[in-house]
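Single-letter residue listing:
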Amino acid sequence: MASSMPTAPGELASGSILQRIMSGRQENLLLCLAISVFALYPLVDELFDIGRLGSMGSIMIYVLLAMGLNIVVGYAGLLDLGYAAFFAIGAYTMGLLTSPKSFFIKEGYVPEWLQHFWPALAVSWVVAAIFGVLLGAPTLRLRGDYLAIVTLGFGEIVPNFFLNAEKITNGTLGLNPVGKPSTFTIFGHKFAFAPTDQDNWYWLILAICVLSLFMIRRFYNSRLGRTWQAVREDEIAAASMGVNLVRTKLWAFALGASFAGFAGSLSAAYFQYVHPANFEFIVSITILSMVVLGGIGNIYGVIAGALLIGFFDRILTEELTPPLNSLGDALSIDFLANHNLTQDKFLIFGLALVLTMLLRPEGLFPSARRKAEFHPEEDKISEHEQQQMYDIREMDEPAVGERA
Amino acid sequence: MTLLQLHDVHAYYGNIHALKGITIDVDQGEIVTLIGSNGAGKTTTLRTISGLMHPRSGAILLNGARIDATQPHDVTRLGIVQSPEGRRVFSRMTVLENLEMGAFVHGKADPNDLNRVFDLFPRLKERESQKAGTLSGGEQQMLAMGRALMGKPQILLLDEPSMGLSPILVEGIFSIIQEINAQGTTVLLVEQNALMALTVANRGYVLQTGEIVLSDTAENLRKDESVRKAYLGE
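As they're listed, the protein sequences go chains R and C.
When you line the first sequence up against my numbering, it's residues 2 to 405, in that order.
When you line the second sequence up against my numbering, it's residues 39 to 272, in that order.
These are computed hints drawn from the structure, not numbers from a lab.
Be a bit skeptical, because a hint or two may be false.
[As the list claims (entries may be wrong)] Reference listing, derived: stretches of chain R covered by chain C, where coverage requires no fewer than 3 residues with Cβ under 8 Å from a Cβ of chain C:
(1) 217-230
(2) 243-250
[Claimed, not checked] Distance ranges between label pairs, derived from CB positions:
(3) C:101 <-> R:164: 52 to 60 Å
(4) R:355 <-> C:109: 41 to 49 Å
(5) C:97 <-> R:167: 51 to 59 Å
(6) C:91 <-> R:358: 35 to 43 Å
(7) C:266 <-> R:358: 56 to 64 Å
(8) C:163 <-> R:282: 48 to 56 Å
Each residue gets a CB set at the ideal place from its N, CA and C atoms; glycine is no exception.
Here chain C stands alone, though its shape is the one from the complex:
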């Protein structure tokens, strides 16, 4: 069943044509990844989905209902939660307060969700009452993902979760993404680390200067000659 659908989405920054007709389908229970180099439009695609910017033409549908004119706070309410680029944790709030903010749309934080996050990220439990700004980069990434999970997402948008992390941490983060998915959350993953992304994802789209140039199963993309050359460094 198609959960999220982007149909021929065009988006602009002023006069700059950033997305030139993006069409993406994300099915229930999948991990779908968007890969591409800097400036290809990956983050813009996520911003457009989460309502931080609106497409000039085209449609975005969640469970068949259009959401392309919806405000960001209402998009969150509908079950699309983003863990934004650059982590953006609330650095003066404690870890727990950050997680509580994540549950903002539901009023109070659900203890089950909190336990789930602490099970996924035991490190956050240890640092519960520490200010988020004092966490290491990896811990902040965990917090950003945990915070997004507190919003009970139907679909979790992850923007560059591996950014600025050491290789061993990256592996950890990606295994947790798989775990989150196995627990029933659909994931749309934007990554520059194409190899890792294509390892965990079911399907992938390759974005280049605002257009989708390739879409296939992750396995086929990993084998694809042009992808190997351009994004896997071979």
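Pulled out of the complex, with its shape left as it was, chain R reads as follows:
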């Protein structure tokens, strides 16, 4: 029978083991290079007197958030519009465990050993993951738009809860100061974490980003990662293969949330301040924009998206405002002279999102699989898939006129 079959367009053995190893090695080499470049940034910043180290720290926190959201949205295909909730939970866990303003500290509920940065960081990772499961569990029957709406609600509830639970969270006053890592020495370099030690903070955040990157890569290449792909492609087929759909999705929610927990507790310590206004809806949307712009499902694309939007958000809009204002002065146009570009950043993100959707819906650096989904004609996939859709539709149709 083999000879009677039409020959499908032959794809070269793109997944052959040799090539996999080669590309894996290349990938690691490039990755090490990129990490070293980022690790050297504080020296460059000092050398050229750029003074943007603080912004780079915030951008790295964005990177962490985008990588985490990518697990939920990119790998498992579950649209989460309330991701900032987990960011908030991470930050408040750090705050409540280490800040002298915290209700739990004042009442003496927190054991002394837990009131420090490192243990609190680990705890916030776990707490965020637990809340990921708590949110995930009731929403698993929902799909697409409906899931998005529920997560949107959760994203609103959490910051509001922290705002109104004044007795515990200090409400609108926020929590300040927050615990920070104690000074330690590696290779003769003394790492201190006063607010002025921007370079040490930057390295700390970068280190946690890199650690998270390797963890997420491990997860993605594991059995669990393969399961996420299967569930995203076809839930029924995956269930037929013995995949537990509930557990697979809960893992995605839990792991996705856990990295937001890292990001939250890091940012709490970095800014020495936790306030509900830092976790509004717009934060969730900004992170989602990074994931979409960079390329859903490809962790490097997502990192690039986060760096790009972070760069716009924290650096470019600020840097461009003074020249714009002097231009306005020179031309005596009042609007330009007084306009602050940082007010426009959401306009710019919105525009970026719309343009991405129109011009490159798979993102700037898509994963191969996602690209295939958005450009089926390039993969010679559409024909068969349309046939498959047709087959299924045929079958779902109720019987017309039973034959006896």
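With chain R fixed as given, assemble chain C onto it according to the hints.
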């Protein structure tokens, strides 16, 4: 020995009474076929067996143990593996990755199973690293069956394996079903192509609007006047 037993199974889609008391026995080593026209409840019966939906009343037993409340992933673990309707291969994964997914419940793919699948379907070996979505319809059907075999089924549920395939391919697929059975796997086959199904099967059940109207050996069903008229186009 009875491997799989459905006893007076009633199943509903909302208010629609889809299965009205189905009783089926499948013995170890048999090929049993369910035939019937569109909407008779063939696929629903398979979905109920594999746990994708649960019967409102009645019992499903595997080796004498009830499985009618079991979740689909656990049903697979127990050795009932379905090659679902419409093939449903993972189109962005390669052929090999699809087969590995088939062995999901056993952790790693067993090389013996992999060789067995490649022996049955040499075409899959050729296309090992090709994305499943780029396969032809017939190759996708082979992959769907191969993927199910990777789960080491005690009983293989095949839903419309001939759907959308050319007559010559259909013949090939059915001869492979016989081969799989000869290797020791029990098969429950759902088909609209009644003639082919009754040619390879030992026994058959005729389903009509959610009820079993006839059950006999495949040979007798092939000779049966009403079956010939309704399903064999004579």
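**OP:** Hints the structure violates: just list their numbers, smallest first.
**Re:** Hint check: nothing fails, all pass.
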